[in-house]
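With the hints as extra help, turn the sequences into a complete structure.
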Amino acid sequence: MTSRLDSLTSWHADWKGLRVAVLGLSMTGFSAADTLTELGAEVLVLSASASEDYERLVPAIGARLVLDPLDEAPPELVAFAPDVVIASPGFSPSHPLVRWTQSAGIALWGDVELAWRVRDKVVRADGTPADWVLITGTNGKTTTTQLTATLLVEGGLRAAPCGNIGVPVLDAVRDPGGFDVLVVELSSHQLWYLGPSDPAGQPVPHSAVCLNLAADHLVWHGSAEAYRAAKALVYRNTRVACVYNKADEATREMVEDADVTEGARAVGFDLGVPGPSDLGVVDGIIADRAFLDDRRNSALELTTIADLEQAGLAAPHIVQNILAAGALARALGTEPAAIRRGLEGFRLDEHRIQVVARHAGVTWVDDSKATNPHAAASSLRAYPSAVWIVGGDLKGVDLSDLVADAGRTASAALVIGTERDDVVAAFARHAPDVRVYEVGTGETEGVMTRVVEIAAGIVTEGGTVLLAPAAASFDQFTGYADRGHRFAEAVRRWIDRGSADDTGGSPSAL
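Those letters in the sequence shown? Residues 0 to 509, per numbering that gives the first Met the number 0, in order.
If you are wondering where the hints come from, they were derived from the structure by calculation, not from laboratory data. Watch out, some of these pointers could steer you wrong.
What the hints assert, rightly or not - Ranges between beta-carbon positions, derived for each pair:
{"#": "1", "residue 1": "G478", "residue 2": "D421", "range": "16 to 24 Å"}
{"#": "2", "residue 1": "S384", "residue 2": "V281", "range": "22 to 30 Å"}
{"#": "3", "residue 1": "D52", "residue 2": "V203", "range": "34 to 42 Å"}
As the structure is a prediction and not an experimental result, all values here were calculated from the model. Where a beta carbon is used, it is the ideal one built from N, C-alpha and C, also for glycine.
See the structure below:
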């Protein structure tokens, strides 16, 4: 069977009759099942649960569905005897079905490997598939992916953001309109599944970037070392530009250690003055010294910090995203003028350092997307001395370093979430001078109402209230977007009441 799998490197290969088990029935799992049935494979989908729509659609596309707790290999999977198993990114290396697959010697793919193998379904005018640009990092992936696609489109290329951003890469590959470039956001989970892939299934990207590296998803990966190793795979086989963060030593080391295509360049970025082959900032100018002939003696202006401020894009970590996206776009030939135009019209998504209200001299900021310490630290640097709303599902990450560093600059901290004890203890150890208020309610409906009431009672005129939780949201909310929406709604309700004194009693710090 290995020889047959090695031959499956094209949409036009013979996939008929291949037995494939698909683990998980989210957008990613369904896109894999839909692709494979279209190719003529026999598909068995296994999931612990399914929405009504997916439960109806799976048999409609010609696949079988088994709903099972999946705490062990169900009899239907064993009897099916798959030739290959394709796992959705939520299935960790320690999941029983992943371990069963590996112990049985069955090929294990992720959706990205499948997409790479069938990337030639729709080709460009010259008969070649779209180029791939790969983007990962602990933070900033989605913003950088959106930025890169925007800049490429402004430069005249047909580009699509896809992958972990919410549009499965298989859907982009099968889009009948076709693209010149797929800008693929990759999570560490998706990258892990590329680790053991055969060369036939390994993407060969035009360019790639790891934006930064900090502890995250340690429970899923099992260790910080495993998480880092997964992230480093983004650079493997890169053909043209390996973009890295000069302020993050780990990303430079990833590039140095990567097995890239001969001729690939290392291109650095940071907020300092750029050297040759870098992008950076000079006297308020975003400058490119990487993609011009005389890069040792001159630079190209892409935009200015003043212009970014007008667009709400001047927070330091957003400028870093812009530098990375600019490097990727320049690697594909986008002109500086197109980059400037693209940035003028670009706006951040909701829940990313989003100002939800300015009232009575107080700025209320929703950065609910800051779901890990690295992201929260960036927010705190952008809004020093803020009243900081922190906490949630910590995903096995210790907040001690964050509290000891960025957290001690906060004027106060409001601790939410089901793991509050660990957060409160971190403040007691590392930032004892910061006033800490524990929001003890476990009721989803009441959490943000009480948070806003307390914050309104302690923030001073000219201050900021910052939701940057440094944690996931699923302990109390349906996701980071739900958490952010509830925060914004609570702020608006408080403003509508018209009284900053209506706080339900004076809060008391721990």
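Each hint, compared with the structure:
no.: 1; hint: G478 to D421: 16 to 24 Å; in the structure: 22 Å, holds
no.: 2; hint: S384 to V281: 22 to 30 Å; in the structure: 29 Å, holds
no.: 3; hint: D52 to V203: 34 to 42 Å; in the structure: 35 Å, holds
In the structure shown, no violation is registered for any of the earlier numbered hints.
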